[in-house]
Amino acid sequence: MGTAVILLTGVGYALSARARAIAWLLVPFLCGKAGRSAMVTASVSLILQGPIENMMTNSKIAVDSFMCLGALSYNHTKERLLLMYKPIKRIIWDFDEQAKVIHNETATIDQEVKPIEAEVSGDGREAKALEADAEYVDKVSDSELRSKLVREKYEELKKEIERDKEIEADYAKKLELRCEGRTILPQRVQIGRSPLLRSAVPPGIPPVLAHETHHLVPPRQQAKGYVEKYLDDLAFDNIYVTEYFCKIDDRRARKGMDTLLPLKRYEAIDIYDPLEFRFSRHEYTALMRGVGSELVHVAFGSIVLGLDYLIYDVLDIIRRNAEVEFVQEGFHRIALQVFGTGAVSNLVRKLFKDFDIEEKLERIASNAHCLPRPVRTSRWLVLRLYLVYASLVALVFAQLFAARMRRAVCAYFFRKVSNRWLTRPKANAAVWRGEV
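If you use mature numbering (1 follows the signal peptide of the UniProt record, and there is no 0), the sequence shown corresponds to residues -16 to -1, 1 to 420, in order.
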């Protein structure tokens, strides 16, 4: 498709003067909105690549810094809690070690109590024999009932499985009968009307194609319209003093005839040299409007850069001035004293003989590793951004002078028509001077 377009364009350029004029007129028109929109796109991409991305990075750094400070505070709180509860934990572990002592003491008590228990409870052999007989009867009766229930459930499940197999076989036959003799016919569907084909197209391609078409088609249509008006309307854009116009005026001067150059002040309002650095009222209005619109983009980029620098500056101030050292010192002691001389006192004293524990805390920490280390936007990227903005403003001025060159392009390809154009500025000047 692209090769065909290039070949057709080349053939038209070789055979038609109008096609050549349209092709060369694209250059002045690309200095207008199409060219500036491309430069605006470049500036937006630089803003996204530079300050926007940098702000997101610095925001992530700030969040990580807050999370680190939170973890540091949690660790300090944890150390204080450990100082409070670690002695208690060690006491509980000591209880486990003292379990053997408790077991030995209780075993001694059991040995003293067993003769008394045997004498009180008496002989239990008859009760054990009755209990064994009852357990045997229960076991026999329960096993027979369970076997009967299992057999009944097995028969029911077997019947249900056979019934399911018959139903599946009937459905398989019906599906085979329905699918016999059926063929799938291909259908032609346009890609724009098929949801399936439309979903297969990557989502980013249609907007890109529409964007490129939006920027390339209008300049061509404007160039074509300018050529058509140049050929059909003699008064269209006929306001410039050309080199051939000056030659005719010099020839009139040599013959002693009235000349039009130099133009009077009131004559130069709408007739002027295209190379002269002077703007008409229409050009001045377009210039102010274009520069104002581009200054909006410059202001937007400057505001984004200012916000980026503000975030960087705040984080950098925090990094340089917020370093703090934390010192934690303390001790926790638990001591138990048992008074008395009796048996219970001696037993408790044996259990809690290690119940004298002391824990100390000495920690020095710093938040230096939690301080943010922000990233600064590259100065080269900022320079490129403002070079793009300068190019935007320069394109506004270039558009005015390029618009003046449109007449020269058409005059080069349509010489006969350009000679007729000379009558228009001369007639206007003659009317102003009262000659006509």
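These are calculated hints, taken from the structure and not from any lab test. Worth double-checking, as some hints may not be accurate.
Unchecked claim - Taking lysine-lysine pairs in the DSS-like style, the calculated list, with each CA pair at most 30 Å apart, reads:
#1 K98 with K334
#2 K73 with K84
#3 K84 with K334
#4 K149 with K137
#5 K73 with K62
#6 K73 with K334
#7 K344 with K70
#8 K84 with K70
#9 K334 with K70
#10 K344 with K62
#11 K84 with K62
#12 K208 with K17
#13 K213 with K231
#14 K73 with K44
#15 K239 with K73
#16 K17 with K213
#17 K334 with K344
Being a predicted model, the structure only gives us computed values, none of them experimental.
Now for the hints, and whether the structure bears them out:
Taking the CA atoms of K98 and K334, the gap is about 25 Å. The hint holds against a cut of 30 Å. For the hint linking K73 to K84, the alpha-carbon distance of about 19 Å falls within 30 Å, and the restraint holds. Our distance criterion of 30 Å between C-alpha atoms is met by K84 and K334, whose separation comes to about 11 Å. Among the hinted pairs, K149 with K137 is consistent with the structure: their alpha-carbon atoms are about 19 Å apart, no more than 30 Å.
Restraint check: the Cα-Cα separation between K73 and K62 comes to about 15 Å, which is no more than 30 Å; the hinted pair holds. With a CA separation close to 19 Å, the supplied pair K73 and K334 stays within the 30 Å bound. Restraint check for K344 and K70: satisfied, since their Cα atoms lie roughly 10 Å apart, inside the 30 Å limit. Straight-line distance between C-alpha atoms of K84 and K70 comes to about 23 Å, which keeps the hinted pair within the 30 Å bound.
This hinted pair checks out: K334 and K70 have alpha carbons roughly 22 Å apart, not beyond 30 Å. For the hint pairing K344 with K62, the CA-to-CA distance comes to about 14 Å; that is within 30 Å, so the pair holds. Between K84 and K62 the alpha-carbon distance is near 33 Å, which puts this suggested pair outside the 30 Å criterion. Pair hint K208 plus K17 holds up; C-alpha atoms about 17 Å apart against a cutoff of 30 Å.
Between K213 and K231 the alpha-carbon distance is near 26 Å, which keeps this suggested pair within the 30 Å criterion. Taking the CA atoms of K73 and K44, the gap is about 40 Å. The hint is violated against a cut of 30 Å. Restraint check: the Cα-Cα separation between K239 and K73 comes to about 123 Å, which exceeds 30 Å; the hinted pair is violated. Between K17 and K213, the direct Cα distance comes to roughly 21 Å. Compliance with the 30 Å bound is thereby established for this hinted pair.
The suggested pairing of K334 with K344 holds, with an alpha-carbon distance near 26 Å, which does not exceed 30 Å.
Violated hints, in rising order: 11, 14 and 15; the structure is consistent with all others.
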